[in-house]
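Heads up: the sequence lines are chains A and B, in that order.
Sequential numbering of the first sequence, starting at 1, is according to the numbering used here.
Sequential numbering of the second sequence, starting at 1, is according to the numbering used here.
Don't read these hints as lab results, they were simulated from the structure.
Predicted model, so just to flag it, every value in this text is computed and none were measured.
Possibly wrong hints are sitting among the right ones.
[To be verified] Here are a few chain B residues that face chain A, going by a calculated C-beta distance under 10 Å:
hint, residue
1, 71
2, 74
3, 113
4, 115
5, 221
6, 232
7, 395
8, 461
9, 520
Beta carbons: idealized from backbone N, C-alpha and C, even for Gly.
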Amino acid sequence: MTDHTYLLDDDILPIHHHEDDRKDAIAVPAPDGGLTVHTGRTAKDEASRHASAPVADLTTALEDAGIAGGCSEGRRALSRRTALRGALAATGAMLAPSVLPRYALSSAHAATQGTVIVVFMRGGADGLSILAPMGDPWYGRRRPGVALSSSQVRPLTSMFGLNAAAEPLLRFWDRGELAFVHATGNTAPTRSHFEKQMLCETGAATASVRSGWLGRHLTTAGTDDSTFRAFTMGGASAYALSSNVPTPAMASLGSFTLASADAAAAQVTDDVRAMWGAAGGPAESAVNRTLEAARQATRMAAGTGPAVTAGYGTSAFGAAMGEVGRVLRSGVVPEVVCVDSYGWDTHVSMRQGDGRVIPYVLKDFAATLDAFATDIGLQAWARTTVVALTEFGRTADENAAGGTDHGFGSTMIALGAGVRGGRVLGAHPGLASSQLDGGALAIATDYRDPLAELVTQRLGNAAHLSTVFPGYTPKPVGLFAAA
Amino acid sequence: MPPALTLTRPVPTVPSRPRAAAATVAAPLSSPLAPLLTGCSTTPEWVMARRTAIGASFVVADEIRKVGVRAWLDAQFRPDTISEPFIATARAKYPAVWNTTPAADVTAGYSGISEGHMAEQLMRVHVLRPVYTKRHLQTSMADFWLDYFSLPYSENKMTGSARQLDALARTMAFRRFDDLLVAFIFSTGMLTYLDQYTSTRTHPTENLAREVMELYSVGVGRYTEADVKAASKLFSGLWGGTRPDGSVAIGVHETNHWFGAVTIRGRRYPNTAWNGGTTSGPKDIVRFVRDLANDPVTRANVCTRLARRFVSDTPPAPMVSAMQAAWVATGGSIEHVLRAMFTHPTWLTSAGRKWRRPAEVWASVAATAGVEWTHTRPASDLTEKPIATTYDAIRAAGQPVRDWPTPQGMPDRDAHWMGTASVLGGLNAADAVLGNTDPHLTCRGALAGRLGVTSTMTFVEAAVRILERVTGYRVPATHVLVDVLVTRLNGGTPPKSVNARMGTTAGVDRAVHAAMTSPLMFLR
């Protein structure tokens with residue numbers, strides 16, 4: 001297949017339909033494999049040439065995408081109480097992998113270059129409360145009730161301080177493994193969570209292709225078809241991974257098995273394969289992927305201990321990262337893992353009674369990353385890179401409820417292998433009125449700039465950047481060193 | 001502060017539109033989700049059962065067959081006329097599970113028990129209700145609206161509203177959409193979830209103002225940031241809310257509301273100045289939400305979403321058009337929009353084109369197996385909750401029922417529910433139910449009698465019968481699915497002759513397990 005076979009005409013989906021035609025946009029794959037973005041009235045013309053339906057609005061794209069959510073309380077694995085009753089209550093053999101997997105457990109790429117974990121902080125994380133611009137006098141003025149005080153930050157640079165709730169991350173900063181990209185984001189004018197999440201996950205100049213940026217990386221980076229080359233730790237696959245390379249999603253490693261308390265357990269998998277093989281189409285593909293993933297998950301679970309909980313946050317994110325830790329401890333080296341973190345939509349009461357600002361979500365987040373790095377061990381950590389991004393930052397001014405509303409620029413966090421750490425990258429646009437964008441921190445660095453470096457330096461796919469981020473020419477940021 | 005403006009609208013009474021009853025003919029299965037499953041067919045009763053009941057089973061299909069599709073639907077649209085033993089059963093175990101007032105909690109002996117605790121009770125009971133309900137359509141539509149407005153019960157600030165939202169969804173299930181939208185937008189749950197109570201004149205919050213347009217009505221691209229800011233001013237300083245009957249009574253604070261005319265999406269709302277307690281503010285607020293509800297784009301969005309939920313990711317365009325026509329004719333009556341869908345000619349020809357979610361697979365498996373809710377709460381332990389086994393299995397399969405973490409709700413696209421976690425969760429439902437993994441539930445097995453399978457049947461007859469009773473699809477005797485069941489019926493090895501009499505029903509439960517893990521079980 002070519003790099004672009006998934007960009008079929010069917011994939012063409014205009015994302016914006018404004019009352020003002022000038023704001024319409026559509027991306028169309030070109031015969032040479034590139035992607036052409038049409039804007040304004042020509043967008044409608046292109047749409048009508050490539051699709052039978054007229055230009056639609058982004059709602060369809062959002063619904064098509066089903067922005068990944070699926071949070072899970074991961075560790076609550078099923079425990080079997082009884083064997084099947086009646087005719088099923090014979091000796092209870094459990095399903096066990098009896099044959100070798102068809103595919104290697106590890107990605108060939110990852111075995112040499114390591115693992116990239118992409119964390120999506122859903123809800124619009126307030127970068128100004130993670131990495132506070134203490135050197136900007138407008139920071140305190142704009143947020144008299146929720147600005148961090150000097151005693152509530154750990155100074156990183158002359159301008160920025162890290163929220164003390166994220167203190168566990170300091171050890172990575174001190175070791176040069178942690179960097180921030182300040183005032184970054186997607187520059188589309190919308191402040192919709194779901195539109196922005198969609199845009200960030202597609203990674204396209206517009207969200208007009210039905211695939212994600214990581215999915216296009218997988219498609220173009222080689223023919224490795226190992227089942228756990230990339231996966232989502234959660235109930236549903238991250239949209240960023242969507243492409244014609246199927247990737248599994250699982251809520252936890254230990255529970256990801258085809259259950260059978262029946263004596264005829266050995267038959268169950270074969271029977272399911274036989275029945276679903278007769279279905280064909282998406283149903284057959286879905287069950288084949290599932291059975292393969294379950295078989296390999298069973299092997300991985302057998303090859304590692306139970307999930308470590310010590311130190312991890314108690315959120316679903318903490319549980320999910322604990323499960324990712326299990327996978328890595330089993331010796332598997334996936335290329336890409338996606339995990340969601342929730343709780344960042346802080347419209348109200350950012351300051352707690354004891355004076356701390358967004359302490360719960362941030363503390364949980366930082367403690368989880370800290371515990372994860374310890375959990376997987378030095379060898380695995382030395383080849384693991386974590387990048388956390390969000391759909392947008394928040395307004396510079398606090399609102400009446402002691403919170404902040406949807407804005408633009410936020411902070412991207414990069415941690416681990418290959419990170420040129422101990423630095424805050426990206427310009428600070430400033431928080432004076434004339435420097436704000438619609439009342440919010442402006443975006444100085446397009447979010448695709450650091451992600452493009454991730455693809456180039458950590459995922460080794462510089463050759464296909466134009467496909468991974470179509471219609472965009474990334475600018476160097478200096479966030480990652482070559483692998 | 002002036003008295004609240006009370007806005008109570010009568011329940012719309014629109015004459016039932018006579019339509020020809022669905023003919024009781026076999027409908028062939030032709031699903032792009034499973035294109036090789038040819039030669040299979042289903043019936044109008046099963047199509048109705050699978051689509052309108054979350055816990056669809058042969059019990060529901062038989063019930064429909066007994067009274068006829070039209071009569072069954074008529075009754076379903078009048079849920080209060082259908083006895084619902086599950087309510088008493090659930091209340092006997094968890095007395096406050098559907099209480100909506102503190103006084104009712106006191107009566108139930110639940111005073112002082114946290115709202116969070118009761119919200120969790122409710123969520124776990126929620127996955128059981130479809131198995132036992134007789135009000136299938138109301139249960140499905142309540143689920144639909146709770147997904148549509150997606151208010152996660154377990155979030156700290158939401159726990160106090162969970163039971164009221166549950167009741168509101170059932171009350172409003174079939175009402176006019178403008179009434180329904182107004183009722184949900186001004187519900188305590190929504191006003192809390194989207195932070196509206198904290199909005200003031202000087203700092204109007206934008207959360208509800210944005211989402212009422214983006215998520216609940218016209219959608220992205222149909223409003224501007226200026227519209228969001230204007231709507232946030234109009235909503236500021238709001239008090240009051242929705243009553244249990246779905247009517248709303250709201251007012252605005254003299255000091256916290258932003259007074260003055262605003263223009264939103266080209267319409268002007270006077271929002272007149274405070275004048276001795278008089279202002280048009282509350283009326284304008286409700287009018288703004290009704291304007292959104294009655295926008296043609298909203299109509300198209302909601303009709304498409306309903307058809308997508310009940311029929312297919314890509315519902316037939318004529319069906320959606322008919323639903324929109326019913327909307328126009330009835331002022332947005334959801335009952336009549338649904339009737340237009342259920343009676344459209346493409347309703348039957350599109351059978352099996354929607355993928356079941358994990359909770360739907362589980363409920364159908366449990367209902368088919370006749371699972372009993374056997375656990376009895378110790379009388380002295382008012383704080384006991386239904387055990388989490390079943391709820392968490394469905395959550396791990398990607399469906400955190402009533403607890404989706406973001407406001408846009410669960411994706412209603414097959415591709416989402418065909419992911420590995422969801423498919424595995426669905427496949428494991430049969431093992432969980434028949435294997436009694438949930439200590440609070442009991443499957444007694446010995447399903448032959450329940451499904452009408454006898455030892456005098458041939459292996460093939462029994463296999464075809466089981467597939468039909470479990471999935472609602474009739475399968476040709478030579479089909480691979482039949483082969484699998486025949487082998488299970490014979491204890492794990494193929495019989496010498498598939499046309500021989502079985503002589504025993506010992507293998508029936510194992511064959512039922514196979515039917516429950518077949519692809520037919522996933523095709524609504």
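Worksheet item: Any CB of chain A closer than 10 Å to the CB of residue 74 of chain B?
Response: Check failed: Cβ of residue 74 of chain B comes no nearer than 32 Å to chain A, outside 10 Å.
Fill in: Per-residue hint verdict: residue 71 of chain B, partner chain A, C-beta under 10 Å
At about 34 Å, which exceeds the 10 Å cut-off, the nearest Cβ of chain A leaves the hint on residue 71 of chain B violated.
Worksheet item: For the hint on residue 520 of chain B, does the least C-beta distance to chain A fall short of 10 Å?
Response: OK, holds: residue 520 of chain B within 10 Å of chain A, min 8 Å.
Worksheet item: Given residue 395 of chain B was flagged as interface, is its beta-carbon under 10 Å from a beta-carbon of chain A?
Response: For residue 395 of chain B, the interface hint holds, since the closest Cβ of chain A sits about 6 Å away, which is under 10 Å.
Worksheet item: Do the numbers back the hint for residue 113 of chain B, that is, is its least Cβ distance to chain A under 10 Å?
Response: At about 22 Å, which exceeds the 10 Å cut-off, the nearest Cβ of chain A leaves the hint on residue 113 of chain B violated.
Practice prompt. Classify the hint on residue 115 of chain B as holds or violated, based on whether any CB of chain A lies nearer than 10 Å to its CB.
Written response: With a minimum Cβ separation of about 18 Å from chain A (threshold 10 Å), the hint on residue 115 of chain B is violated.
Worksheet item: Hint check: is the beta carbon of residue 232 of chain B less than 10 Å from a beta carbon of chain A?
Response: holds (9 Å)
Worksheet item: Does the nearest C-beta of chain A fall within a distance shorter than 10 Å of the C-beta of residue 221 of chain B?
Response: holds (4 Å)
Worksheet item: Are residue 461 of chain B and chain A close enough, Cβ to Cβ, to be under 10 Å, as the hint says?
Response: violated (19 Å)
Checked against the numbered hints above, the structure breaks hints 1, 2, 3, 4, 8 and satisfies the rest.
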